[in-house]
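Let the hints inform the model, and build the full structure from the sequences given.
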Amino acid sequence: PASVSSYIFSSLTVTLVGAVYPVYRATKAVCTPDEHDDKEWLQYWMLGGVLFCITTWVDDVISAEKADSTCIWMSILAFSFFWLYFPKTRGALIV
Numbered sequence: 812p813a814s815v816s817s818y819i820f821s822s823l824t825v826t827l828v829g830a831v832y833p834v835y836r837a838t839k840a841v842c843t844p845d846e847h848d849d850k851e852w853l854q855y856w857m858l859g860g861v862l863f864c865i866t867t868w869v870d871d872v873i874s875a876e877k878a879d880s881t882c883i884w885m886s887i888l889a890f891s892f893f894w895l896y897f898p899k900t901r902g903a904l905i906v
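Residue numbers (this note's numbering): 812 to 906.
Below, a list of computed lysine-lysine pairs in the DSS-like style, where the Cα atoms sit at most 27 Å apart:
{"hint": "1", "residue 1": "K850", "residue 2": "K899"}
{"hint": "2", "residue 1": "K839", "residue 2": "K850"}
{"hint": "3", "residue 1": "K839", "residue 2": "K899"}
If you are wondering where the hints come from, they were derived from the structure by calculation, not from laboratory data.
Computed from a prediction, not measured in an experiment: that's the story for all the values here.
So, in structure tokens, the structure goes:
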């Protein structure tokens, strides 16, 4: 239902998915001697920063529209962050 998805895909969820786990992994990557994982997380944070900046603009535009659009945007954003750092996809290295 729409009410459940509005709680699951909220700005808090997007922030947790987009920041908490990546902070842990990036810190762990910096502590290793391998520079390849550092590059991967640097690319993630660059793309993540762009997505977070776009989010503030899109939130303003969508909030004037409908609440359903906000839920759709937050779900797209959460899955985008997940795709960027998931070890199987490594989207940050593709972009």
